[in-house]
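**Q** Since the structure of chain A is provided, determine the placement of chain B on it from the hints.
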Amino acid sequence: DTGVSQNPRHKITKRGQNVTFRCDPISEHNRLYWYRQTLGQGPEFLTYFQNEAQLEKSRLLSDRFSAERPKGSFSTLEIQRTEQGDSAMYLCASRPAPDTQYFGPGTRLTVL
Amino acid sequence: QKEVEQNSGPLSVPEGAIASLNCTYSDRGSQSFFWYRQYSGKSPELIMFIYSNGDKEDGRFTAQLNKASQYVSLLIRDSQPSDSATYLCAVNEQAGTALIFGKGTTLSVSS
Chain A
1 DTGVSQNPRH KITKRGQNVT FRCDPISEHN RLYWYRQTLG QGPEFLTYFQ NEAQLEKSRL
61 LSDRFSAERP KGSFSTLEIQ RTEQGDSAMY LCASRPAPDT QYFGPGTRLT VL
Chain B
1 QKEVEQNSGP LSVPEGAIAS LNCTYSDRGS QSFFWYRQYS GKSPELIMFI YSNGDKEDGR
61 FTAQLNKASQ YVSLLIRDSQ PSDSATYLCA VNEQAGTALI FGKGTTLSVS S
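Chains as they are written, first to last, in the working numbering: chain A, 1 to 112; chain B, 1 to 111.
Here chain A stands alone, though its shape is the one from the complex (with noise of 0.2 angstroms):
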């Protein structure tokens, strides 16, 4: 456990509704990451955020995608208007130390 919490942990949902997840990082990790995995691929980056403010995007992060981070603690990850393309494994990551990333446990999504 790395002290890295995701919810939901699963999500089931139809084309075209929205969605939203939650991260729980770490209390004192100041820096937040957003990955997606689909099956068979490594986790691509998505999004992330240093307290509150979202430093980086992907080119993966399209209009439908909003990720948000107040005041610095949790994050949400908001997909609108759901794909089934967006089917995949979505992972939080939270950086103890200056170089490591330790992932929560996803929330996997299955757009019908």
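These are computed hints drawn from the structure, not numbers from a lab.
Take the hints with a grain of salt, since some may be wrong.
[Said to hold, decoys possible] With a cut-off of at most 27 angstroms between alpha-carbon atoms, the simulated DSS-like pairs for lysine-lysine come out as follows: (1) B:Lys2 / A:Lys11; (2) B:Lys2 / B:Lys42; (3) A:Lys57 / B:Lys56; (4) A:Lys71 / A:Lys57; (5) B:Lys2 / B:Lys103; (6) B:Lys103 / A:Lys11; (7) B:Lys103 / B:Lys67; (8) B:Lys56 / B:Lys103; (9) A:Lys71 / A:Lys14; (10) A:Lys11 / B:Lys42; (11) A:Lys14 / B:Lys67; (12) B:Lys42 / A:Lys57.
**A** Structure of chain B alone, referenced to chain A:
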């Protein structure tokens, strides 16, 4: 485009043998190198990181880095069935920035 390449496997080794996992990366500016283990249906678990050329040992695991050849490897000594998993290689250009992952190599250790 920055890429990390790994053989997908599966790599099959008998229990007690040494498993050797390899990774190459395209960006010469990469500074830090990581190995994660991922069991089926679970999230990646960090097992080792290395910054400098040479070897770094941690228990049964040894990471090897050759920046001139843009090559990273992971050796697992005395392989156990519980080591059966997918091993992901990751790199980043600067401390604290996004990790770039390979697709992973599946290791199967038979008893």
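**Q** Need the status of pair lysine 103 of chain B, lysine 11 of chain A: alpha-carbon distance at most 27 angstroms?
**A** Given that 27 angstroms is the threshold and the Cα spacing comes to 24 angstroms, the pair holds.
**Q** Checking one constraint from the list: CA of lysine 2 of chain B to CA of lysine 103 of chain B, max 27 angstroms. Satisfied?
**A** holds, 13 angstroms
**Q** Holds or violated: lysine 2 of chain B with lysine 42 of chain B, Cα cutoff 27 angstroms?
**A** holds, 26 angstroms
**Q** CA of lysine 14 of chain A to CA of lysine 67 of chain B, is that 27 angstroms or under?
**A** Cα-Cα ~46 angstroms, so violated.
**Q** Are the Cα positions of lysine 103 of chain B and lysine 67 of chain B separated by 27 angstroms at most?
**A** Holds - the C-alpha atoms of lysine 67 of chain B and lysine 103 of chain B are around 20 angstroms apart, at most 27 angstroms.
**Q** Is lysine 71 of chain A within 27 angstroms of lysine 57 of chain A, Cα to Cα?
**A** holds, 19 angstroms
**Q** Is the Cα-Cα distance between lysine 2 of chain B and lysine 11 of chain A 27 angstroms or less?
**A** Roughly 32 angstroms between the alpha carbons, so the hint for lysine 2 of chain B and lysine 11 of chain A is violated.
**Q** Regarding the pair lysine 57 of chain A and lysine 56 of chain B, is the alpha-carbon distance no greater than 27 angstroms?
**A** Distance of about 32 angstroms is beyond 27 angstroms: violated.
**Q** With a cut-off of 27 angstroms on the C-alpha distance, tell me whether lysine 42 of chain B and lysine 57 of chain A pass.
**A** Answer holds: lysine 42 of chain B to lysine 57 of chain A is near 25 angstroms, not above 27 angstroms.
**Q** Is lysine 56 of chain B within 27 angstroms of lysine 103 of chain B, Cα to Cα?
**A** holds, 23 angstroms
**Q** Lysine 71 of chain A and lysine 14 of chain A were given as a pair; does the straight-line alpha-carbon distance stay at or below 27 angstroms?
**A** Violated, at roughly 31 angstroms.
**Q** Would the hint linking lysine 11 of chain A and lysine 42 of chain B be met if the CA-CA limit is 27 angstroms?
**A** holds, 15 angstroms
Checked against the numbered hints given earlier, the structure breaks hints 1, 3, 9 and 11 and satisfies all the rest.
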